[in-house]
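Could you put together the complete structure from these sequences and hints?
Spelled out from the first residue to the last, the chains are:
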Amino acid sequence: MSVPRKIYMDHTAGKPIDSRVLEAMLSYMKFFYGNPFSIHSFGEEPRKALDEARIKIAELINAERKESIIFTSGATESNNLAIKGVANRNADRGKHIITSSIEHMSVLNPCKFLKTKGFNVTFLPVDSYGVISLESLERELKDDTILVSVQYANGEIGTIQPIKEISEIVHRKNAYLHVDATAANGLIPIDVRKDGIDLLTLSSNDMYGPKGVGALYIREGVRIEPILHGGGQERGLRSGTENVPGIVGFGKAAEIAKKEMREESERLSRLRDKLIRGLLESVPYSFLNGHPTMRLPDNAAVRFSFIEGESILLSLDMMGVAASSGSACTAKTLEPSHVLMATGLKHEEAHGSVLFTLGRQNTEEEVDYVISIMPDIVKRLRAISPLTPKELMSNV
Amino acid sequence: MYSEKVMEHFKNPRNMGEIKDADGVGTVGNPVCGDMMTIYIKVKDNRIEDIKFKTFGCGAAIATSSMITELAKGKALEEALKITRKDVADALEGLPPIKMHCSNLAADALKLAIEDYHKKQKSKEGAS
Numbered sequence: 001m002s003v004p005r006k007i008y009m010d011h012t013a014g015k016p017i018d019s020r021v022l023e024a025m026l027s028y029m030k031f032f033y034g035n036p037f038s039i040h041s042f043g044e045e046p047r048k049a050l051d052e053a054r055i056k057i058a059e060l061i062n063a064e065r066k067e068s069i070i071f072t073s074g075a076t077e078s079n080n081l082a083i084k085g086v087a088n089r090n091a092d093r094g095k096h097i098i099t100s101s102i103e104h105m106s107v108l109n110p111c112k113f114l115k116t117k118g119f120n121v122t123f124l125p126v127d128s129y130g131v132i133s134l135e136s137l138e139r140e141l142k143d144d145t146i147l148v149s150v151q152y153a154n155g156e157i158g159t160i161q162p163i164k165e166i167s168e169i170v171h172r173k174n175a176y177l178h179v180d181a182t183a184a185n186g187l188i189p190i191d192v193r194k195d196g197i198d199l200l201t202l203s204s205n206d207m208y209g210p211k212g213v214g215a216l217y218i219r220e221g222v223r224i225e226p227i228l229h230g231g232g233q234e235r236g237l238r239s240g241t242e243n244v245p246g247i248v249g250f251g252k253a254a255e256i257a258k259k260e261m262r263e264e265s266e267r268l269s270r271l272r273d274k275l276i277r278g279l280l281e282s283v284p285y286s287f288l289n290g291h292p293t294m295r296l297p298d299n300a301a302v303r304f305s306f307i308e309g310e311s312i313l314l315s316l317d318m319m320g321v322a323a324s325s326g327s328a329c330t331a332k333t334l335e336p337s338h339v340l341m342a343t344g345l346k347h348e349e350a351h352g353s354v355l356f357t358l359g360r361q362n363t364e365e366e367v368d369y370v371i372s373i374m375p376d377i378v379k380r381l382r383a384i385s386p387l388t389p390k391e392l393m394s395n396v
Numbered sequence: 001m002y003s004e005k006v007m008e009h010f011k012n013p014r015n016m017g018e019i020k021d022a023d024g025v026g027t028v029g030n031p032v033c034g035d036m037m038t039i040y041i042k043v044k045d046n047r048i049e050d051i052k053f054k055t056f057g058c059g060a061a062i063a064t065s066s067m068i069t070e071l072a073k074g075k076a077l078e079e080a081l082k083i084t085r086k087d088v089a090d091a092l093e094g095l096p097p098i099k100m101h102c103s104n105l106a107a108d109a110l111k112l113a114i115e116d117y118h119k120k121q122k123s124k125e126g127a128s
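Chains as they are written, first to last, in our numbering: chain A, 1 to 396; chain B, 1 to 128.
No lab work stands behind these hints: they were computed from the structure. These numbers were taken from a predicted model, which means no experiment stands behind them. Hints should not be assumed to be uniformly reliable.
Claimed, not checked - Each computed BS3-like pair below joins lysine-lysine, with the alpha-carbon atoms no more than 27 Å apart:
| id | chain 1 | residue 1 | chain 2 | residue 2 |
| --- | --- | --- | --- | --- |
| 1 | B | LYS5 | A | LYS379 |
| 2 | B | LYS5 | A | LYS6 |
| 3 | A | LYS379 | B | LYS54 |
| 4 | A | LYS48 | A | LYS346 |
| 5 | B | LYS82 | A | LYS6 |
| 6 | B | LYS44 | B | LYS124 |
| 7 | A | LYS84 | A | LYS112 |
| 8 | A | LYS379 | B | LYS44 |
| 9 | B | LYS54 | A | LYS346 |
| 10 | B | LYS52 | A | LYS379 |
| 11 | A | LYS258 | A | LYS48 |
| 12 | A | LYS379 | B | LYS11 |
This is how it looks when you write it as structure tokens:
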């Protein structure tokens with residue numbers, strides 16, 4: 001097998017910009033630099049472009065109207081706006097918020113922040129596949145619950161949540177449902193009306209658009225207030241001159257995703273399944289993280305016993321393969337990933353996790369190559385490791 | 001992220017393995033925190049004649065284990081005891097700040113191995 005020079009399988013961390021997206025953006029940097037707020041002719045083209053992008057994103061998620069889309073600087077801001085904006089505006093109705101224990105930091109940390117401001121926050125447990133417990137949700141939902149914030153799918157273990165069921169439970173009470181679709185958008189179809197979603201976080205780069213752009217869908221009638229105050233752009237919910245080239249790119253990325261998602265996700269799912277099967281079959285003591293079927297098409301999260309994730313990543317990198325890890329040593333803290341721990345993994349199991357996230361340019365040949373190099377990488381590191389199956393058992 | 005020296009030791013670790021009839025063995029860390037390291041030494045005439053390691057951990061943990069075996073090999077025991085985590089990190093041309101705890105392990109494991117050797121010697125003397 002020929003050895004490809006560099007293989008990128010870390011698409012959850014960052015994606016390349018689609019060349020069609022880049023093309024669409026360029027004129028808005030070179031020529032149409034006017035402010036969409038301006039009354040003169042220079043404002044006209046950017047204003048039109050914002051409108052068109054808004055329509056494309058509304059269409060991607062089947063929003064009822066384009067005005068429901070608020071542009072932000074990315075998923076982190078969208079999540080902050082959704083959580084703090086809803087909490088502050090609805091504190092008169094209640095001070096209880098529910099989220100899950102496997103959310104992204106940009107959901108967990110705003111919730112923890114609100115806790116210091118007098119809100120009560122419940123973190124729902126998940127099962128060993130990372131599926132949110134619906135029984136706990138039903139049990140924890142109270143009359144004073146104003147917001148439930150859960151992700152559409154988890155970027156680290158790939159598990160897709162039963163959003164429709166969650167929505168039905170949430171709406172039995174007087175709470176809003178916010179869904180963080182950062183990991184899912186552009187990979188699986190999302191329909192805010194069918195799914196019963198009140199607020200939805202979207203990210204541009206996760207759809208091969210530029211970084212630094214995102215959106216928050218806000219269903220008409222949802223009570224929310226801004227977290228950024230200023231000139232009153234985006235219906236007063238997100239002040240600051242719009243990032244017109246970025247938004248144009250985001251719109252183009254959404255248009256392409258809508259058109260190509262089904263076919264591309266089928267292709268990715270086949271590659272994903274081949275990669276997962278190939279790794280689990282060729283490496284003893286290897287296991288899948290996350291749900292086997294309710295799973296993002298791009299996500300192959302596998303853990304290898306007796307060795308540590310970062311040393312696997314370094315070894316892969318030496319062979320030209322870029323992947324990611326839920327390992328402590330790659331993060332800023334030394335704790336293993338909160339997501340893996342929430343699924344009930346022991347520390348030593350979580351440490352040996354590797355995350356491959358596939359993308360548009362990945363080929364079957366690349367998947368074959370990764371499968372072919374993994375057994376030797378694991379064998380070498382296990383030879384260095386003092387842990388053996390027996391010893392690991394005695395540590396349990 | 002890592003220096004060339006760290007990567008070089010990660011790729012080609014020196015003195016990797018076990019010594020079955022070791023004179024001293026030291027283990028530090030545990031798999032729960034993601035780093036675990038065992039150092040084996042053979043001692044002759046108060047010098048470290050042979051030294052080997054086994055490590056579960058990140059790239060820095062493996063490189064520091066490898067480096068300490070190089071630094072300690074051939075040294076008198078009291079000299080080997082003086083090797084600090086800073087010595088190991090410096091010999092590797094630096095470590096990322098968050099990784100400094102990994103190199104702590106290597107020096108600690110060596111100290112434990114030497115202590116283990118002394119303990120065994122004492123019990124041997126007591127027996128004879």
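Which numbered conditions among the earlier hints are violated in the structure presented, ordered from lowest to highest?
4, 5, 8
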